[in-house]
Amino acid sequence: MVQISLRNEADEVRQSSGLASIAADLSSDQRAFKNVSWGKAMMWIFLLSDTFVFSCFLISYMTARMSTTVPWPNPSEVFALEIGGTSFPLLLIAIMTFVLISSSGTMAMAVNYGYRRDRVTTAMLMLATAVLGAAFVGMQAFEWTKLIHEGVRPWENPWGAAQFGSSFFMITGFHGTHVTFGVIFLIAIARKVLRGDFDTGRRGFFTSRKGSYESVEIMGLYWHFVDLVWVFIFAFFYLW
Amino acid sequence: MTHVATHDTAQHPIRLYFVVWGWLFVLSTCSYLVDYFHLQGHLRYSLILLFMMLKAGLIVAVFMHMAWERLTLVYAILLPVGAVLVFVAIMVLESDYTLLTRTVNPGLL
Numbered sequence: 012m013v014q015i016s017l018r019n020e021a022d023e024v025r026q027s028s029g030l031a032s033i034a035a036d037l038s039s040d041q042r043a044f045k046n047v048s049w050g051k052a053m054m055w056i057f058l059l060s061d062t063f064v065f066s067c068f069l070i071s072y073m074t075a076r077m078s079t080t081v082p083w084p085n086p087s088e089v090f091a092l093e094i095g096g097t098s099f100p101l102l103l104i105a106i107m108t109f110v111l112i113s114s115s116g117t118m119a120m121a122v123n124y125g126y127r128r129d130r131v132t133t134a135m136l137m138l139a140t141a142v143l144g145a146a147f148v149g150m151q152a153f154e155w156t157k158l159i160h161e162g163v164r165p166w167e168n169p170w171g172a173a174q175f176g177s178s179f180f181m182i183t184g185f186h187g188t189h190v191t192f193g194v195i196f197l198i199a200i201a202r203k204v205l206r207g208d209f210d211t212g213r214r215g216f217f218t219s220r221k222g223s224y225e226s227v228e229i230m231g232l233y234w235h236f237v238d239l240v241w242v243f244i245f246a247f248f249y250l251w
Numbered sequence: 004m005t006h007v008a009t010h011d012t013a014q015h016p017i018r019l020y021f022v023v024w025g026w027l028f029v030l031s032t033c034s035y036l037v038d039y040f041h042l043q044g045h046l047r048y049s050l051i052l053l054f055m056m057l058k059a060g061l062i063v064a065v066f067m068h069m070a071w072e073r074l075t076l077v078y079a080i081l082l083p084v085g086a087v088l089v090f091v092a093i094m095v096l097e098s099d100y101t102l103l104t105r106t107v108n109p110g111l112l
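Residue numbers (the working numbering), protein chains in the order written: chain A, 12 to 251; chain B, 4 to 112.
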C-alpha cells in the first residue's frame with residue numbers, strides 16, 4: 012500500500028515538470044525509462060542505430076556529391092516520367108511519397124484501433140498499410156528497372172558523376188529492403204491481431220512473451236520510421 | 004502498469020490522425036512544387052529543408068507518439084541524433100578539401 016501511494020506521487024512529479032521528471036527517471040534505481048515497456052524501448056534503440064546507418068549512407072552521398080569535379084545528374088530530369096508524350100519531372104517519386112505517407116496514416120489509425128481492442132478494424136488497417144507498402148516497393152522495382160535499362164550502374168551512368176549510381180542503388184536499395192521487411196512484419200502482426208492473440212495473451216513467434224496491443228504500436232514505430240527516412244531521402248536525393 | 008502505459012496513447016481522436024495525414028500531403032505537395040517551378044539557389048534549399056523538417060516533426064511527434072512519451076526517453080533518442088549534425092559539418096569540411104585538391108590536380112576525379 013505504502014509503495015503504491017509513493018509510486019503514484021512520484022509519477023505525478025514526473026508528469027508535471029520537465030527537468031524534475033528527467034532527474035527522477037535517471038535517479039531511479041530500477042530502470043531509467045519508468046513506465047516505458049521493454050519492447051518499446053528496444054524498438055527505439057534499434058531505430059536509433061538504424062538512424063545512424065541511414066545517416067552514414069546519406070552523409071557519404073553528400074561527401075561524394077560535394078567532392079566530385081564531374082557534374083552531378085539532374086534528378087528532376089533523371090526521374091521524370093513520360094505520359095502521353097509529356098514529361099513530368101519527378102512524378103513517380105511524388106506518387107511513391109504520397110503512397111508511403113498514406114501507409115503511415117493507416118498505420119497510425121491501426122495503432123489507435125488496437126488500443127480500442129477493435130480486432131477487425133486494426134487488422135484491416137494494417138493490411139491496408141501492407142498493401143500500400145508493397146505498392147511502394149513495386150514502384151521502386153519499376154524505377155530501378157527503368158534506370159538499369161538507361162545504363163545506370165553502381166560504377167557509371169550516362170549523365171555524369173559515376174557516384175550517382177552507387178549512391179542511388181545503395182540508399183534506395185537499403186530503404187526498399189526496410190519497406191519489404193516491414194510489409195512482412197505487418198502481415199505477421201495483423202494475423203496475430205485477427206486471431207485474437209493479443210486478447211488471449213498467446214505466446215508465439217515475435218511475441219514469445221505474452222503479447223499485448225502495444226505490439227501494434229511497436230510495429231507502427233518501425234513503419235513510421237521507414238516513412239521518416241523516406242522524407243530525408245526525398246529531400247536530399249531527389250529534390251536537392 | 005498496463006493501464007498507465009496505454010492511458011496516454013489510447014485516448015486520441017481519429018480526427019487528429021487525419022489532420023496530420025492531410026498536412027503531410029500538403030507539405031509533400033509543397034516540396035514537389037519547389038522542383039516543379041524550378042526554384043533555384045538559397046530559396047530552393049531552404050524551402051526543401053523547411054518542408055522536410057516539418058514533415059519529419061509531424062511524423063515523429065504524432066504518428067510515433069513522441070509528443071506523449073517520457074522526457075527521458077525523448078532526450079535519449081534526440082540527443083544522439085544531434086551528433087549526426089556534427090558529423091555532417093565535419094564531412095562538409097572534408098569534401099570541400101577533397102574538391103580543392105581535385106581542382107588543383109585535374110588528373111584526379
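Keep in mind the hints are simulated off the structure, nothing from the lab. Take the hints with a grain of salt, since some may be wrong.
What the hints assert, rightly or not - Here's a subset of chain B near chain A, in silico, CB distances under 10 Å, partners left out:
1) Ser31
2) Val37
3) His45
4) Leu46
5) Phe54
6) Tyr78
7) Phe90
8) Thr101
9) Leu102
Stated by the list, open to error - Partner residues aside, some chain A positions facing chain B, computed with beta carbon under 7 Å:
10) Ser32
11) Leu103
12) Ile106
13) Val110
14) Ser115
15) Gly116
16) Ala119
17) Met120
18) Met181
Positions of the beta carbon are idealized from the N, C-alpha and C atoms, including for glycine.
Practice item. If any of the earlier hints don't hold here, list their numbers in rising order. Key: The structure conflicts with hints 3, 4, 11, 12, 13, 18, although it agrees with all the remaining ones.
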